[in-house]
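The task is simple: from the sequences and hints, build the whole structure.
Chains as they are written, first to last, in the numbering used here: chain A, 1 to 335; chain B, 1 to 330.
Heads up, a few of these hints could be off.
Unchecked claim - Cross-link-like lysine to aspartate or glutamate pairs, in silico, DMTMM-like; alpha carbons within 25 Å at most:
| id | chain 1 | residue 1 | chain 2 | residue 2 |
| --- | --- | --- | --- | --- |
| 1 | B | K325 | A | E267 |
| 2 | B | K325 | A | D164 |
| 3 | A | K195 | A | D179 |
| 4 | B | K219 | B | D321 |
| 5 | A | K247 | A | E267 |
| 6 | A | K195 | A | E267 |
| 7 | A | K110 | B | E116 |
| 8 | B | K146 | A | D21 |
| 9 | B | K325 | B | E116 |
| 10 | A | K20 | A | D188 |
| 11 | A | K110 | B | D321 |
| 12 | A | K110 | B | D68 |
| 13 | B | K146 | B | E213 |
| 14 | B | K219 | B | E145 |
| 15 | B | K146 | A | D55 |
| 16 | B | K325 | A | E240 |
| 17 | B | K325 | A | E187 |
Note that these hints are calculated values from the structure, not bench results.
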Amino acid sequence: MAQVRFRQAIALALADEMRKDPAVMVFGEDVAHAEGPFKTSEGLLAEFGPLRVRDTPISEMAFTGAGVGAATAGMKPVIEIMFMEFMGVALDMVVTEAAKFHYLSGGQFKVPMVIRASVGAGGGFGLQHSQTLENWLVATPGLKVVVPSDIQSAYELTRAAIRDPGPVVVLEPRALYGDRGALEQKEDGFLEIGKARIMRGGSALTVVSMGQLVGKSLEALAGMDAEVIDLSTLVPWDQECVSQSLKKTGKLVIVQEAPISGGWGHEILSLMVSKHFADLKAPPFIISPPNTPVPYGKELEELYIPQPAYIKEQIAHYLLTSQVPTPWWIQRGLI
Amino acid sequence: MTTRNAVQSKRRSGLRDPVEQLRRMFEIRYFEEEIVGLFSEGLVHGTTHTCQGQEALNVGLAVTLNSDDFVACTYRSHGFALALGLTPEAALGEIMGRTTGCIGGVGGSMHLSAPELGLLPTFAIVGAGLPIAAGAALAFQTRGEKRVAVAVFGDGAANIGAFHEALNLASVWKLPVIFLCDNNLYGEYSRIETTTSVVDIAQRASSYSMPSEIIDGMKVDEVIASLNRAIDRARSGGGPTLIEAKTYRYAGHSRADLATYRPEGELESWLPRDPILVRQNELVASGVLTLTQVEKISEEERAGIARVIEFTRNAPFPQPDAIFKNIWTG
Chain A
1 MAQVRFRQAI ALALADEMRK DPAVMVFGED VAHAEGPFKT SEGLLAEFGP LRVRDTPISE
61 MAFTGAGVGA ATAGMKPVIE IMFMEFMGVA LDMVVTEAAK FHYLSGGQFK VPMVIRASVG
121 AGGGFGLQHS QTLENWLVAT PGLKVVVPSD IQSAYELTRA AIRDPGPVVV LEPRALYGDR
181 GALEQKEDGF LEIGKARIMR GGSALTVVSM GQLVGKSLEA LAGMDAEVID LSTLVPWDQE
241 CVSQSLKKTG KLVIVQEAPI SGGWGHEILS LMVSKHFADL KAPPFIISPP NTPVPYGKEL
301 EELYIPQPAY IKEQIAHYLL TSQVPTPWWI QRGLI
Chain B
1 MTTRNAVQSK RRSGLRDPVE QLRRMFEIRY FEEEIVGLFS EGLVHGTTHT CQGQEALNVG
61 LAVTLNSDDF VACTYRSHGF ALALGLTPEA ALGEIMGRTT GCIGGVGGSM HLSAPELGLL
121 PTFAIVGAGL PIAAGAALAF QTRGEKRVAV AVFGDGAANI GAFHEALNLA SVWKLPVIFL
181 CDNNLYGEYS RIETTTSVVD IAQRASSYSM PSEIIDGMKV DEVIASLNRA IDRARSGGGP
241 TLIEAKTYRY AGHSRADLAT YRPEGELESW LPRDPILVRQ NELVASGVLT LTQVEKISEE
301 ERAGIARVIE FTRNAPFPQP DAIFKNIWTG
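Shown next as structure tokens:
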């Protein structure tokens, strides 16, 4: 198997789909000549030319809308939002247009569009370029949201998203772009949208995570009897997979990068508590950053993101006492 | 559906005949007048936006486009939908929330859709249709097709970011898209000079190196001629055009708005330029129709709308399962 970087896995996925389907096109800021600000479209302009690979003005509303229009008119556009925050100025096009056209045309129009956005902290980009913001998208019926957590899932989810007949948002953890590892390129049998991945089996505890925190959770839980689930698709998330695991373990911890309030973890947690109240052996809880902007200073940013040592300490306490541990900012009396 | 498609196709192709254009303008006028009454009666609930006075623009656009061209319209689009060929039954059914509506009654007055006529789901977000029309044009251009897309929007939309971003993008990429501004002098309840830095929206095209025209939107022939120039340019690779049609909105913004904010006498000053009156005078003057024939057409259309209302009053409401259809694309 080829050794590639995470960002190359995305470029390879795009190229493989573009070769297969002439309707696939790519556009966004600096994706053509510069091959992407994070080099996620390396080689595409050279191979597929300026009609199918285009640089756009810095106009997210226009080019996201253009994606909706092009998809409606039979193309399969993959557009790139450089930093997730920039989707804020194009949110109407994502939530109110792309996700609604099928419904609003009595099922006659389809919007087979992929919106890629880089997300998350860890790169020192400061608080306007470091949020995950997936909660902007979770209350939009009609819109699928996937989040790769490693090189293989980046490749497979990107290809699956392009083949999906409706709009799919792919949230790429920016901190992982430089990761290097093995990639198996394939033509089918991709990870399925809507299916979680059990990264490691276990019986004492269910840990559900997503994005860059999947790797950190796996590292934290080495040697513990924990089942680690990569949610992989946030909308629609795999209730069955989490249910089955929770029935077995009776303990649930969500590990998320989003600030705790209003984050996706509460969606999982509240549904699972309602459904499995009788199966629970301890109160489920969420490991997350605090309700603050993402700080810039290197050490502060590291502290903000749940790191393996912190995840390990929190979960060890939980397994030992069956009590919800106190987060670091309360332990230190910071609020 | 097939029967409806056949009827719609005939309604569309027949519009090349100037007499049919007059007939359709009567249909739109009576349709809209009745909507106001149906709203007061509670049979159209929520909100509705009518377009009396703007029928020349509706019909002129439908005459110039092929049915595989795309049109993005606004929430004030009953007239465009009818002109493009949607049957009054399918339009009124949707507006009254019945299963006979073009999308089965889940959309309502602001959300008419007819892919077979190139009508994208009409937009209730001001300006949203402009980038999306540009995107449809992008698809046509990328595939080397000679199709065009048109975005219709009001003067109020010229102040939202989507307008500026879409014009710039369309100009940079030379997209086959026409931006058709229906300047009826009011953005919702506010008069244009209180919200807009220019008198003529067309002036803004120069910022985007785009050709533009200002036309009398009350004259169907002028609308057709201007659109034909822009469409020819777009189909031959010459890029986008901004057309500003000066029109007047006889009704208020929405629902039961009586538009008391308008200066006294303003509406009356526009009535001699009424698009139906202008068209019928032309046809009578040139000997194509007699006044008696015009009256007959008018009465036929009035009676036709009355029948559609009767039909729709008795049409079924959708069942709860309609809520769950067509959310996820299969």
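Results for each hint:
Of the supplied pair hints, the one linking K325(B) and E267(A) holds, its CA atoms being roughly 24 Å apart against a limit of 25 Å. The hinted pair formed by K325(B) and D164(A) meets the criterion: a straight-line CA distance of about 18 Å does not exceed 25 Å. Of the pairs offered as hints, the one joining K195(A) and D179(A) holds, with about 24 Å between alpha carbons and a cut-off of 25 Å not exceeded. The straight-line distance between the Cα atoms of K219(B) and D321(B) is roughly 45 Å, outside the 25 Å bound, and the hint therefore fails.
Using a Cα cut-off of 25 Å, the hinted pair K247(A) and E267(A) holds, with the two alpha carbons roughly 18 Å apart. Using a Cα cut-off of 25 Å, the hinted pair K195(A) and E267(A) holds, with the two alpha carbons roughly 16 Å apart. Restraint check for K110(A) and E116(B): the C-alpha separation of about 14 Å stays at or below 25 Å, so the hint holds. Between the alpha carbons of K146(B) and D21(A) the distance comes to roughly 21 Å, so the proposed pair stays at or under 25 Å and holds.
With a CA separation close to 20 Å, the supplied pair K325(B) and E116(B) stays within the 25 Å bound. Of the supplied pair hints, the one linking K20(A) and D188(A) holds, its CA atoms being roughly 12 Å apart against a limit of 25 Å. The straight-line distance between the Cα atoms of K110(A) and D321(B) is roughly 20 Å, inside the 25 Å bound, and the hint therefore holds. Between the alpha carbons of K110(A) and D68(B) the distance comes to roughly 16 Å, so the proposed pair stays at or under 25 Å and holds.
With a CA separation close to 22 Å, the supplied pair K146(B) and E213(B) stays within the 25 Å bound. A hinted pair counts as satisfied when its Cα atoms are at most 25 Å apart, and K219(B) with E145(B) does not qualify at roughly 31 Å. A threshold of 25 Å between alpha carbons decides the hint, and for K146(B) with D55(A) the separation of about 23 Å falls inside it, so the pair holds. For the suggested pair K325(B) and E240(A), the alpha carbons sit about 23 Å apart, so the restraint of at most 25 Å is met.
The suggested pairing of K325(B) with E187(A) is violated, with an alpha-carbon distance near 31 Å, which exceeds 25 Å.
Comparing the model with each earlier hint shows violations of hints 4, 14 and 17; every other hint is respected.
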